[in-house]
Structures are given as structure tokens and as C-alpha cells.
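Q: Given the coordinates of chain R, work out where chain P should sit on it, guided by the hints.
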Amino acid sequence: MEPEKKNMTNREIILGRIREALKSPEAVHEVPVDPPSSFKQWLPPVGDSLEEQMDLFRSNVEDLRADFKLCASLDEAIRCLQAMAVEYDWKKIGLHRGVLTETVARGLDLVKVMTDEGYVLADLESCDAALTGCDALIAQTGSVLVSSTTSGGRALSVLPPHHIVLARENQLVPNLTVALERAQEKYGDQYPSFLSLITGPSRTGDIERILVLGAHGPKRLTILLVR
Amino acid sequence: MNPHAKQFNAAARSTTADLHHREWIQKALGGYYAKRDENKDRFQSWSSARTAAAAIKQEAITHLDRYLVEFADRLEARGAKVFWAPDAQEARDYIVRLAREKQVRSIIKSKSMTSEEIHLNDTLEREGFEVVESDLGEYIVQLRKEAPYHLVFPAMHLNRGQISDLFQDKLGSKPTNNPGDLTMIARNVMRRKFCEADMGISGANFAIAETGMISITENEGNARLTTSLPPIHVAIVGIEKVLPKLTDLALFLPMLSTAGAGQLLTCYNTFYGGPRQPGEPDGPREFHVVLLDNGRTRLLADAEQRNALRCIRCGACLNVCPVYKNVGGHSYGTTYQGPIGSVITPHLRGLRDWKHLSQASSLCGACTEACPVKIDLHHHLLRNRRNAVTSQTSVPEKLLYQGFAFVMRRPEFYRLAAGIARLLRPMQWLVQGTWLDPLRPWTKTRSFPAFAAKSFREQWNQRKKT
Chain R
102 MEPEKKNMTN
112 REIILGRIRE
122 ALKSPEAVHE
132 VPVDPPSSFK
142 QWLPPVGDSL
152 EEQMDLFRSN
162 VEDLRADFKL
172 CASLDEAIRC
182 LQAMAVEYDW
192 KKIGLHRGVL
202 TETVARGLDL
212 VKVMTDEGYV
222 LADLESCDAA
232 LTGCDALIAQ
242 TGSVLVSSTT
252 SGGRALSVLP
262 PHHIVLAREN
272 QLVPNLTVAL
282 ERAQEKYGDQ
292 YPSFLSLITG
302 PSRTGDIERI
312 LVLGAHGPKR
322 LTILLVR
Chain P
44 MNPHAKQFNA
54 AARSTTADLH
64 HREWIQKALG
74 GYYAKRDENK
84 DRFQSWSSAR
94 TAAAAIKQEA
104 ITHLDRYLVE
114 FADRLEARGA
124 KVFWAPDAQE
134 ARDYIVRLAR
144 EKQVRSIIKS
154 KSMTSEEIHL
164 NDTLEREGFE
174 VVESDLGEYI
184 VQLRKEAPYH
194 LVFPAMHLNR
204 GQISDLFQDK
214 LGSKPTNNPG
224 DLTMIARNVM
234 RRKFCEADMG
244 ISGANFAIAE
254 TGMISITENE
264 GNARLTTSLP
274 PIHVAIVGIE
284 KVLPKLTDLA
294 LFLPMLSTAG
304 AGQLLTCYNT
314 FYGGPRQPGE
324 PDGPREFHVV
334 LLDNGRTRLL
344 ADAEQRNALR
354 CIRCGACLNV
364 CPVYKNVGGH
374 SYGTTYQGPI
384 GSVITPHLRG
394 LRDWKHLSQA
404 SSLCGACTEA
414 CPVKIDLHHH
424 LLRNRRNAVT
434 SQTSVPEKLL
444 YQGFAFVMRR
454 PEFYRLAAGI
464 ARLLRPMQWL
474 VQGTWLDPLR
484 PWTKTRSFPA
494 FAAKSFREQW
504 NQRKKT
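The listed protein sequences derive, respectively, from chains R and P.
Position in the first sequence counted from 1, then plus 101, gives you the numbering used here.
Position in the second sequence counted from 1, then plus 43, gives you the numbering used here.
Please keep in mind that the hints were generated in silico from the structure rather than gathered at the bench.
Accuracy of the hints is not assured; some may be wrong.
[Claimed, not checked] DSS-like, lysine-lysine: derived pairs with alpha carbons at most 30 Å apart:
no., chain 1, residue 1, chain 2, residue 2
1, R, K124, R, K107
2, R, K320, P, K70
3, P, K217, R, K320
4, R, K107, P, K145
5, P, K188, P, K213
6, P, K78, R, K320
7, P, K188, P, K70
8, P, K288, R, K141
9, R, K287, P, K124
10, R, K320, P, K236
[What the hints assert, rightly or not] Some chain P residues near chain R, calculated using beta-carbon distances under 8 Å:
no., residue
11, N265
12, N312
13, E347
Given the structure is predicted, the values throughout are model-derived calculations rather than measurements.
Backbone N, C-alpha and C fix where the C-beta goes; we use that ideal spot for every residue, glycine too.
The shape of chain R in the complex, shown without the other chains (with noise of 0.2 Å):
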């Protein structure tokens, strides 16, 4: 059979096994038939004011073993990049287009991999740091929500060994559930290939639980919120 062809065939057969499998009521109601409306009230608590969600972003941020900074400019940012730069000895960093990034880089006299127009695999590996804007800053968890449109596609965020997140205050929100609720009126039908949260530097307790930083993505992650 032609696989097109074999595969409709194969969506009839599972949907049909579904449908005759659903003809039988269930049997044992032990929880609510109706999904709830809400969740939210369940889920870790969450300030209603900047400065609590702020705190609470710290707090889960520095718990994660990931640096937080708050920098009053872009010229903060810029000379706290400047120092990175210095102790940890960079040569080249990956980025991509946008206001920010373009803006710290500038203040930054290293070799630039670009990623917005597609790149050599080897460059971007061999950067030392990543250098990104985002979506939004979860204060619930302290992640930060990256996109293939904010972030300069799928690898900048996870290939280099050291990635530096830059965001407005505007950015922050409470919870998990505004985050994602943006991104849909944000993007609309017109969602990027990939989101994703990052929650603290790579990591693995596969040897004996015991945590390891760095597993296959960055060793370190730095957030530098600008106001």
C-alpha cells in the first residue's frame, strides 16, 4: 500500500479501536468529571507586587545555582558584561538580533557569531558565552521563557557553556500560567517551532544523585534584568 495511503488506514484503525474502547462508560468515578476552571490556587503562591515577584524571582533564581542581576541601565548591563568577559576569559560569543543584545554587544570587544541568518555549527560550539533576549521571567519557578523568535533559534540558548538571559522588568511575570497565556496573544496562530523554559543551568544527578552542573548544556546561567 502507498504510505499515504497506509497511513489514513492506520488513523481509521486507531481512531476506531478509540471510539469502541470509549462506548463503554467508565466504571469508577473517584474524581471530579469536570476539569476545574483554575488551577492557580493550588499552585506555589505568588506575590501580587513587582518587588515580591521580584524577590521571589531571586530567590528561586539563586536556589537554582543561576546569577540574578538587577541593572539600572543599559550601561550597567553592559559593564557587568565587560566584567563576565574578563573572569571568565571570553574570546567569541554567540547572539542574535534585537535591541538588546545588539546594544550590550556593541560594548563588547570579542569575536560575534550571529545566529539570525543561520550559522556554522562549529562557530556557535566553540563560543564561550550565548547572549539572548526572552519572552518572560517566571517569578513562581524562576525560570525564564525562551523562543526560537526572541532567543536566536533552538541552539544559541543551550550549545555555549555559559548563557546570559537579558530582559525588561516588563517581562517578569507571576506565573507559569501568565507566561504561557502571553506567548498565545503575543504569537497567536503564528507561535514559534520551539519555546522553552529554563530553569537554572543544565544539570544531572544520573551518578549516584548527586548534582552536576553542566550536563550537556550551559554550565552557568546569568539573568540580567534591565530597568
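A: Using the frame of chain R, we list chain P on its own:
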């Protein structure tokens, strides 16, 4: 006894007697318990969150056809290819055909229990493809040619010395007892593999109907690399993975992480809605989603146990199961170990061969209590026991129970049997624990309690007289 039951019994017996193993597993899980409880406490109400998660997942299962169609249609509209696989064979054939067609040589994989379920690696290797597991724990068990020990922690049973020896042997690395160094050895080997791979294969934790996305939960970043660098991405997704809405993840992601790993949220939770879209700088040109049935609709047809399809494979039931902790993950001989494995394997692979797993439970209910989607696990085990008995009792077992009922219903026979037992009891030590001992299943590891000097009936009659 069927070979699977025999294998299980033998492996369980030897592992249970291994006190080092037992201590090791207890130690490995100790940290998890502490972190899990700490993060559960951060929820305003963990128990209400469980009820909400159960209800949402139940809604998805009860309208599975509708949500699957929505999921598949949306994904295809975004340029992905959705293949519907009624069984393991069709799923494997599709992936092998695809790999051949695209002249794939090396394949990188991120953790996927569904791919374990269909034994994908064996097939791909037999067909001449190089397949590398990129999750550190999975890579370790792959190098050892072993099955994962645990749904979530595949190499939990090994210590750093064993892993160092393994890397030395297979990768030629220097010995080290530092978990950080061992992780870096694997990271470096894997970076090359990631950059060279022609195809990436992943699983999925959730499939979002509303947006046509899959969601992958991980800590290491290997799934992100698997789905970013190779030109083709194949995701194998069990049909029960659907969730209605994107915002449902705001509940399910923290619950999966907390129950599964003791983290409020794992490091990367990533949503993929298609291959690289116009204007995007990277990502695979092709995205194939294999929707796998492979017995799931059989479980769906069982109205009593259907809710086991709510399972999000967090592994929380394994971590609290006294049987799992003693017999270990390998004894089961199944893809899915522990209580959930014992519940669903008879449905996925046949009750006749796997009914013995229903007995691998003390019915303590710790699993049911741990389950974030409130699957009634220990009662399902009882239901499997009942089904095994009603569908296929063995003749000797039937005769035994008929004989037992016959004696119990007749006081004179009962008195006679008890009298004989009382007479023979002093001689029981002669055969204790051997094949001649009628009480062998009990006495091979325990001594049999002594009879009371007088039976209840004798004592009763005596007291009535005085």
C-alpha cells in the same frame, strides 16, 4: 509457571537477598524524598492540585479521539508529519524506512520510554544505524547493554566506581571517582555525536491538542540538542499523552517535576510545534511524530482500569513501593517497572504472561497515595488478580481450592485433617524447607509456628463444662 514469572521470581529472590543493593537504593532515594516533600509543600494544596490534574487528564482520555485529531491536524498544518502506528512493528518500520530513505548514518536519542517499549534501538542497530543515547543515565546503561533500572533514573543502581570502570573500558577515559568529571567525559563524547548526527529521536511528555505541540521535560539539555542540531527530528508519542490546552502545562509541568524528580521545575521544559518555520535560523527541516497505540486502546476499552492511561510516567510510584525497592527495577523484565508497570503491562502485553506482576505488591497503597494524577494503582492490581483468576485458573489450583472448600464445609473432615496435622507436626522438622514439606512456600524462609496444645473446639467444650 510461564517463563516471565519464573524470571521475575528468580531475579526478585536474588536481588532481595542482596543487602548492599537494598541499602544503595534506599540511599539513592533518600535525597529524592526530602526534595519531593520540600517542593510539595510549596504548593498551596498538593492534594487539590492532584485532583485537578486527574480531572484534566481524565477529560483528555475520555475524548481521546477528538483531542488526537486536533493535535495531529494542527501539527501537520505546521509542516510536521504525523504517523499513526497501531503497533510497535509499524512504528519501527516507519522509522527504519525514514532513516533509509534519508540516508541516515548516525542517530542521537534523548530519553524515551516509548522507544524502549518498542525496542527501537535493537532494530535500528540491526539495520546498520549507529544509535547513541544522550541522556547520561541512559548512555551508561546503553554502554552496559542493560535496560533502564528506573523510568526516570535509569542508572540509579550503579556507583561511581562502576561507571568509571565502564567509561575506562568503553571510552578509554582515565579512572576518576568524581561524578563531575564522569559527567564531563560523557558530555565531550556526546558533543561530537550531536554535531554529526543525521537524525534525532525523542519521546514526549505531553502532546498539546490546542496548539499541536509536544512538550519534553528534562534536566541535562540533551533533548534540546537532539531536537536542535540534526536535520530530522522524530518524536515517539504514546496516544495517551494528550492534554487539551497549552496552559494545562502550568499545572502538569511542576507536578511532573515534583513527583518525578523532587524539583519544582526541571531545567528544560520545551515545546515543539513543528519543524523549523520560515525565518527561523535553525532546527530540523523535518519533524515526524509517531503516534503509538501498541495496546493502549486495549487498556482504554477496560472501563474499570481506563484511568491508568492518565499516567504521566513520573516514577513516583516506583520510588515509594516497598516491592520495587527490594526486588529492584531489573527484576520486572518489563519496560515500565514498579506499580504502574505491574498495572499496565498485562494490558499492553497480555494478562496470561504478566499476571504474576499483580502479586508483586503488598497492597499497602503507597503508590496510589504518591500518584500525582490519582491513579488507583493498588486497586487496579487487585482487579488484575481477579481478572487473572476468572479468565484462566490453572487446573491444579482449581482442584486445590475445591478440595479446600470441601474440607472446610465439613466439620468432621476438618477435625480429621487438623488431627492428622497435629500428629505429624512434631515430625515436620525432618522435612522442613525441603520439597517434601507441604508447607514449603512458607517454611523455606520462616519457621512454622507451633500448634496450640488444644484446638479451639476442645478449649471451648472444656470451658463450657467448668
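Q: All hints are to be evaluated individually against the structure, with a verdict given for each.
A: Hints and how they fare:
1. R:K124 <-> R:K107: holds, 26 Å
2. R:K320 <-> P:K70: holds, 27 Å
3. P:K217 <-> R:K320: holds, 22 Å
4. R:K107 <-> P:K145: Holds, because 20 Å separates the two Cα atoms, which is no more than 30 Å.
5. P:K188 <-> P:K213: Holds: K188 (chain P) and K213 (chain P) sit about 12 Å apart, inside 30 Å.
6. P:K78 <-> R:K320: holds, 22 Å
7. P:K188 <-> P:K70: holds, 25 Å
8. P:K288 <-> R:K141: holds, 15 Å
9. R:K287 <-> P:K124: Answer holds: K287 (chain R) to K124 (chain P) is near 26 Å, not above 30 Å.
10. R:K320 <-> P:K236: Holds, at roughly 19 Å.
11. N265: Given a least distance of 4 Å, the restraint on N265 (chain P) holds.
12. N312: holds, 4 Å
13. E347: holds, 4 Å
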